[in-house]
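A.B. asks: For reference, the chains in residue letters:
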Amino acid sequence: MTRRPVDTGDPERLYTVTGGRSRADDDSCDLVTLIVSECEPSPAMQSEHVRILELCRAPTAVVEISAAVRLPVTVVRILLCDLLATGRVTARHPPVARFRGSLPDSDLLKEVLDGLRNL
Amino acid sequence: MDSATSELPGFTPLGRDSANGLKIVIVGGFGVGKTTLVRSVSEIRPLNTEEVMTQAGVGIDETAGVATTKTTTTVAFDFGRISLNDRMVLYLFGAPGQERFWFLWDRLFAGTLGAVVLVDTRRMSDSWYAIDRLEHRGTPFVVAVNRFDDDPSVYSLTEIRQALALDPHVPLVQCDARIRSSGKHVLLSLADHLHALATARETTP
Ligand SMILES: Nc1nc2c(ncn2[C@@H]2O[C@H](COP(=O)(O)OP(=O)(O)OP(=O)(O)O)[C@@H](O)[C@H]2O)c(=O)[nH]1
Ligand SMILES: [Mg+2]
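Protein chains in written order, with this note's numbering: chain A, 1 to 119; chain B, 120 to 324.
Pulled out of the complex, with its shape left as it was, chain A reads as follows:
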């Protein structure tokens, strides 16, 4: 498989998917924030929410959700806002602060080194 464009659909569809919002309320979900389902999908839910809840039975990064549901990361963030706000999913945030020039402590980096050595 090679690069294929993500099907972003037409703007109207995106508008419907996200309930009319064009951006997430906050930036709380990083690309590598891991999302975990806290409930089973129900038939009343919109299909994108169902897909996310199915996927996230195992922890799944925001960027993986985006690839799986074929929606841009921005749109996935908006969908996740709803699910997070109602407790249907929880988020495990990255241990690394997002501000510029931050370097995690050496203990964490030692774990990274050890993990890579075992590859």
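A couple of the hints might just be wrong.
[To be verified] For the chain A half of the interface with chain B, some residues (derived, Cβ under 7 Å), not all of them:
id, residue
1, 32
2, 59
3, 96
4, 103
5, 112
[To be verified] To spell it out: a stretch of chain B is covered by chain A in this simulated footprint if at least three of its residues, at any positions, have a beta carbon under 8 Å from a beta carbon of chain A; those stretches are:
id, stretch
6, 194 to 205
7, 312 to 324
These are computed hints drawn from the structure, not numbers from a lab.
We put the CB at the ideal spot given by N, CA and C, even for glycine.
Fit chain B with the ligands to the known structure of chain A by using the hints.
C.D. replies: Relative to chain A, chain B with the ligands alone:
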């Protein structure tokens, strides 16, 4: 509808205790081997997605005078994954390094541990901008020279370091992005570099 598994062959769920997502960015010019490097070390087949960025700007509209405009840009990127242990999972992002993509980078890749700048010695200038930008941001990085078979040039690492005006402390390694052990070596040199930087900072009074 397709199920998650049929849409994403090779999609393997993470272990249930996974909690700490980390990221490393692989940046370089077109065709330099970014996706190949991600593929050679990733535990999943590289996945592709995109981010849509909206930038507000001020434009001149001839009828309405000065007006606020919005430009929307879509950038595609691919990524792979390495489970480091039961809790930690490292995501590797391959992304184009050209100047016009950098405003996306700043948002997409904030919080990255560090970066690998992948270089093709036949097109060294393709990496100048990325190196400048990483230095400016203070993001630690290593430079990996991807040796292509049909590359007639035989620059030494010293010559390449000079051509890129690399700081003496920035690690410079050679690789063949197609080979897993070689890709692993590149990631290890970055992790080593990061660990050394963190240790030095912690022991400095
Ligand atoms: N000989 C040789 N070929 C390589 C090497 N690395 C990559 N290639 C080939 O170079 C071509 C481009 O590699 P990609 O991994 O797609 O490069 P990329 O940087 O992801 O390219 P874009 O995403 O299009 O910018 C492919 O045909 C690879 O098989 C290498 O180390 N040696
Ligand atoms: Mg590529």
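A.B. asks: Of the hints given before, which are not true for this structure?
C.D. replies: Going through the list in order, the structure violates no hint and respects every one.
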